[in-house]
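K.L.:
Heads up: the sequence lines are chains A and B, in that order.
Under the working numbering, think of the first position of the first sequence as 1, with each following residue one higher.
Under the working numbering, think of the first position of the second sequence as 1, with each following residue one higher.
A couple of the hints might just be wrong.
Simulated restraints, written as ranges between beta carbons of each label pair [claimed, not checked]:
1. A/Gln463 with B/Asp260: 36 to 44 Å
2. B/Pro399 with A/Met410: 32 to 40 Å
3. B/Gly76 with A/Trp307: 56 to 64 Å
Listed next, the stretches of chain B that the computed footprint assigns to chain A, with coverage defined by at least 3 CB atoms under 8 Å from CB atoms of chain A [what the hints assert, rightly or not]:
4. 54-64
5. 267-278
Since the hints were made in silico from the structure, they are not lab data.
Even for Gly, the Cβ is constructed at its ideal location relative to N, Cα and C.
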Amino acid sequence: MNGGAFSSSRPAGLLLMGVLFLALVVLVAAPVGTLVYTSLLSGAPFSGQTGLTFTLDHYRALLSGDLAEATMNTLIVSLGGAVIAMAIGCSMAWLAARTDAPCKSLIHLAGVMPLFVSLLVAAVTWSLLGSGRSGYLNLIFDYIGLPIRLQMQSLSGITFIHGLYYTPYPFIFLYSALTLVNPDMEEAAAVHGGTLQRNLRRITFPLVKPALIGAFLLIVVLMAEDFPVPQILGAPVGIETLSISIYKLMTVVPSQPNQAAAVSIALTALVCVLVYVQRRALSGRDYRTLTGKGAQVRPIRLGAWRWPAFGFVALYAFIAVGLPMLALLQGALRSNLFIVDAAALFDPAQMSLKHLHEAITSPTVRQGLLNSLIAGGLTALIGSVFFFVLAYVVNRSTLPGRRALEYLAMTPIAVPALVMGLGILWTWVRMPLPVYGTLAILVIAFLTRFLPQGYRAVSSSIQQVHDDLESAAMVAGATRQGAIRTITLPLVRGGVVASAFLMIVLGVRELTASLFLYTTDTRVLSIVIYEAYVNGYWAQVASISLIYTVLLVALTLIGRRWLRAQL
Amino acid sequence: MSRSARGFQASRRELTWAARGLVLRQPRGKSADGETAHMAIRIEGLRKSYGASVAVDGVDIAVPEGKMLVLLGPSGCGKTTTMRCIAGLEQPEEGVIAIGQRTVFSHAGRINVAVNERRVGMVFQSYAIWPHMSVYENVAYPLDMTGVARAEKEKRVTEILRVVGLEGFGERGASYLSGGQMQRVALARSLVMRPSVLLFDEPLSNLDARLRDHLRVQLRELQTTFGITSVYVTHDQREALALADEIAVMQAGKVVQRGDPVSLYRRPKTSSIADFLGYSNIFDATLADGGANPRVSLDGQACVLETLDAPPAGPISVCVRPDDITVRARDGAGSPAPGMNRLEGDIVLASFMGPFYQYRVRLPQGAVWEAYGPADARGHGLGERVLLDVPASAVLVAPRT
Ligand SMILES: Nc1ncnc2c1ncn2[C@@H]1O[C@H](COP(=O)(O)OP(=O)(O)OP(=O)(O)O)[C@@H](O)[C@H]1O
Ligand SMILES: [Mg+2]
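Just chain A, with the same shape it has in the complex (with noise of 0.2 Å):
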């Protein structure tokens, strides 16, 4: 907007666009290239071999049947459960936003409590409950002699799983869609006449028609990338989608990166077009930074729905949250491991804290607990800065390039977090610089993966400040720098607070960009929880992750605050 904005001090608003494109270059653009340059290579890069040439053949190999089948695993576990998470999230939504169910607020809760649950503990815990003779939830059922056997260690579990977790992107989309929605159309459409029915599918539903399409799309990107839940409940049994082929090619030995890959980038591509497809639906429309304008609405009566409805939700987060979290429990709290029978599940003397105290002390557990910590808090610290430097450079300079770097901002969008994790371990295990095997690959890893939303969040709050306020600073005698310490900045903290928030809360959580980075010494929560899975320790696996729930719980019930805006 400002034209002078940097027209005096020009070379160091180049300076500094310079600096900007660096960081996302080495961030984003180099992971990515070292990626694709990888995938048509003959052998490892960077590893000292010689004689390396050239190919195609990566690509040729994408075609074989193994693939093939790995890619239509994904697009069943991915549209699938974005089916159940529509159906889920979207009744909640209206019953949240639109009608007279009792205990709004709680509803509201249970629509956006699955985003705290780490997908990583959510398949432990299913895996637990409900796989095998001895699934918790298996045991029940025998024991009150019901004829049925859950089997989560399937691609229908893996569909269930992602059903039950994604659900808050749909309920988040819909209801600030719902509450946008103007409630005078539909009056106007009653009053002309039409019926309930009528008015949903003719009046209410073409309006959040894009917000659909947008959820529905997001979560089925987020689906096909996922990791951690076909990695637990499906790699187990043999079903693969494509990240679990990506994560078994580097992780057999001898480890086949330049077929991981191709496989990246064919994933990566399945992810581009499906995150194109939902760009072009929402057309430029983010209701997610829309706030309600707390229109005042008419509730629809529900009548004698209205329990039933309430439990619908309640049993919804019941089995999303409540049963995991018992099972963990009673998982933790075990003292021995085998269970014969459901009267077992409840014997007290089975139970002791052992399990529980030993990972509250193990230094294991302690130095992943810091290392998160300091991960997050770097990524939350750096990015806070970053952000807040690249969003007013886009938004407030005339700069050239600027757009470009807005582009680049957002590419991470479209690589799957795994990929990411690959090119990021290529791009920095040769580099002189002493990154790798430290936290700060780690760092460097969430900053790259949260650059989106972290950007997104903080772009959006100096957009809500109006330029003119920096404007009407700098004519009464401030310089920009000045302008922007005393007006901007202050205006736009609490955005940035958020952002930093959901930074920690995101690192804290993340599992997949890890696995290709950490060293034995930079193990994360999440990866000690990994581990101790992949070792069969399940008793310390139960009590960890109750742990890391009660941080990732504690974290969002302090940063609630600052993040519901972002949420």
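Guided by the hints, dock chain B with the ligands onto chain A, whose structure is given.
P.N.:
Same frame as chain A, now just chain B with the ligands:
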């Protein structure tokens, strides 16, 4: 409403009081050695474009010391951009801007004084009141920037708040103010720094009609009392006429006419400027008689009007203000006086406006004229056939644009 009116009376009292002795600053206007007032703002050949679209296209403006220039023009014609160039918020591509004796921008001379060193005050259309500060902090901000001593600062802020009628509002959070109060804070904030030049960007456009009238009067009083050189942007012709020492009419990035309010109002240069200045009867016309008593015939109206204007070459339009027309009943009207054009038509709309009646009269050929009649009579009814007397002196013949 009554509250704000009271606020005004208070501040008006303060004004006279301030004028009597405790003036905020010496009126400028006449310099000591008696020479004629020099130009406090001088702009030459100003150009500014955004990508391919040219927002300001070669504007020349000069404002004498202590005077108020109003930039009048339709939305999007480049008024705000011109203003932001003066303040230093936009960097023009070409031209020269001088404030007082100092050239603050010159493309040729590669001069571009930073915004914060130009010492101009600006009142933004959006108010631009900082919501996280109190009224006092908002107003004191410019003084903080120049490092004025604390006691002096407090004195000046209190004084200026009194002048704009916000005495006692200092501790109030700025986000708890009404629109009118915010506008006064903005005014106080730009006055407190004793700027050499004050810029107003449609400062009243977001206020309701009555408050607008009040504030307009007060603004003009403040400006003349303190003799601050000002540029005022508006698209409201009434506001422009009431406030200006001089008006510059802008269209599509260019200044198309300049003049004092009276002569501008009387003699708009083209039909589109006339349209903007409240000439609501504008019709395409052709020259019928170019002699000593020129006459023009209105296209498609079988109607020839006498005028005093020497019609210009090229396509022309006839422009007549509704208040120059006399509306008469047909009975006992007599024959028109010499130099008076007479039209006849039916009333299709009659609205009582308070000080006058607004009529729309359809002529037999279908053209509709607007005219005002006195409010004291009972007025003419819908469908009534009336006579419109249009003095030749009121028939403006201007190039069609
Ligand atoms: N930052 C900008 N980027 C691109 N175009 C702009 C920008 N600012 C103004 N313009 C364009 O320049 C032209 C002049 O704008 P300006 O704001 O000066 O108009 P204005 O006369 O103040 O109008 P209004 O009465 O609506 O405020 C318009 O066509 C506008 O669209
Ligand atoms: Mg404007």
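K.L.:
The structure should be examined with respect to each hint, and the outcome stated for every one.
P.N.:
Do the hints match the structure? See the list:
no. : hint                               : result
1   : A/Gln463 with B/Asp260: 36 to 44 Å : 43 Å, holds
2   : B/Pro399 with A/Met410: 32 to 40 Å : 53 Å, violated
3   : B/Gly76 with A/Trp307: 56 to 64 Å  : 58 Å, holds
4   : 54-64                              : violated (count 0)
5   : 267-278                            : violated (count 0)
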